[in-house]
Amino acid sequence: MMFYKNQKVHEKRLFATVIFSLFLLLSGCASNDVADQAVSDENTEIKVSQPEIDPYEHFNRKVYVFNNKLDKYVAKPISDAYLWVTPQFVQTGIANFFNNLNDISVVLNDTLQGKLDQGAEDTGRFLLNSTVGLLGIFDVAKEVGLEKHNEDFAQTLAVWGVPQGPYLVLPVLGPATSRGVPGAVVDTASNPVSYVGFPVQLLSMLNSRANAEGSLKFIDEAALDPYVFTREAFLQHRKYLITDGQAELSDDALDLEDAFYDEDEETETATSSDLLKSDSGQENNGYKLQLSSDTENLDQASESFEEALKAFNEASRSYQEASEKLDQLKR
Amino acid sequence: MIVNFMKNSWLKVAFLLLAISNNAVFAADTAVDNPVSAKQVVAEFQNTLIEVMKHGKELGFEGRYQKLDGAVKKSHALKKIARIVVGREWKKLTPEQQAELVKVFTELSVSAYAYNFKEYSGESFKFVSEEDTARGGKIVHALLVIPDDSDVKFDYMLKKINGQWKIINIIADGVSDLAVRRSEYTSLLKNQGFDVLIAKMKEKIKNYSK
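Chains as they are written, first to last, in this note's numbering: chain A, 1 to 331; chain B, 1 to 210.
Hints listed in this document are in silico derivations from the structure and should not be mistaken for laboratory results.
It is possible that part of the hints are untrue.
[Stated by the list, open to error] In silico lysine-lysine, BS3-like type, Cα no more than 30 Å apart, as pairs: (1) B:Lys206 x A:Lys72; (2) B:Lys200 x A:Lys69; (3) B:Lys204 x A:Lys72; (4) A:Lys217 x B:Lys126; (5) B:Lys103 x A:Lys76; (6) B:Lys202 x A:Lys217; (7) A:Lys217 x B:Lys210; (8) B:Lys103 x B:Lys91; (9) B:Lys91 x A:Lys217; (10) A:Lys217 x B:Lys138; (11) B:Lys160 x A:Lys217; (12) B:Lys202 x A:Lys62; (13) B:Lys160 x B:Lys138; (14) A:Lys76 x B:Lys91; (15) A:Lys148 x B:Lys103; (16) B:Lys74 x B:Lys57; (17) B:Lys92 x B:Lys200; (18) A:Lys76 x B:Lys118; (19) A:Lys62 x B:Lys126; (20) B:Lys138 x B:Lys91.
A quick note: this is a predicted structure, and the numbers were derived from the prediction, not measured.
Pulled out of the complex, with its shape left as it was, chain A reads as follows:
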């Protein structure tokens, strides 16, 4: 991961990423708002929602293969060497050190999401680990009951109502969604590691790759289609993180139970749900367009939904009037 990155190209890349992400964000808004709505249905309607979630699958798969090769021939050999020469307690210390630096960004995102209690807790975590924990090398905060939280700017954007957008596999960086791209830019900017010298950055990359070793090996061994496995696990886990694990399960369970029953009454369910989809298509369109222009403001969104409904009603009324006039003309 990010093995070619160095100080000189860093700024250039950051700029390019910002432009790229803006482009994706815009295109994402215009065409893929429905992806987020479809996410909740993804278990029952996998086939329906898949094109929405992963419209660039063909391209993504190519990047995925590229990333795998890069990992196999560059990242993995270096990471293996690192794991071989470094004692376990040193590896743990290094992982703790970078986790501690990441807590700065966690606190920032706690605050941006309005989780003030958690923000205070994580501030305590950072202060305790940075001092008593000797610059974060020891995770003493965990021992006193301050667990690490997982927050990042992509989650904050989600909480603010920015749509997920399509699934992307980024060169070198790996799985993301279009919402994750601006997220990664802000996260990189809010991590001190981005501003220090190359040796520390290299160590950070080694640490990340080394920590992922077991999982990557596992996916390689177990997944029938590693690309699909990676995508599904990534998207689901991101969803879980965004909601902090709350209120997800019951929806999930219902969806799966639907899938469970679907099997017995297949054709009926399929056609009726398809019909439902096309029926509501027109209203949804209006809703989607309004939503993308002002995603944060839920009130406005529901207002615009009402407006869209009104417009839809008006349209059907004028259609009725027109057909009535036609009838009169015939007479």
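Given the structure of chain A, go ahead and fit chain B onto it with the hints provided.
This is chain B only, laid out in the frame that chain A set:
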């Protein structure tokens, strides 16, 4: 940098998910007179897992396979799981293909367990709560406690089939085994066909048992 942290965390879940919940085996659904609660079904299965891990080395792959084979078949609604995993493609398969899929799937799942549960480093399961679902199912919430690492949330979905509670899905930190598997299998079936799917599954079984 943060992207990497993010990645690590979901990769860890992906790993645990596969490691713990590579379930789905066909079992004859026979009714038993004394009903066992959903919670007990889960607990019994978890105990077997921990036992197999503790004696992983002495048992060897074959020994672990034998022990897990029975435990998985007993606790899971496996025929249903196999059907859900291939989704609507199930109806397009011939009865022979359906039977073969269930058979190979069974073998793959137990092999994956036997391969991955070979050692023990103090892991334990902790029961949290039990919940009824809208359609008469149950969800058992549990935690996998790993020493020197954060806990992993495990949610087991169970259905009553022929009077017995059976696991139909396991969700690890929000990642649903059934949903991931379903995407994989339907995509493979649709794009590459039944024979390729079975060949890939058999290849995995071979690699596990090596």
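Violated hints - listed by number, lowest first: 5, 9, 10, 11, 14, 15, 19
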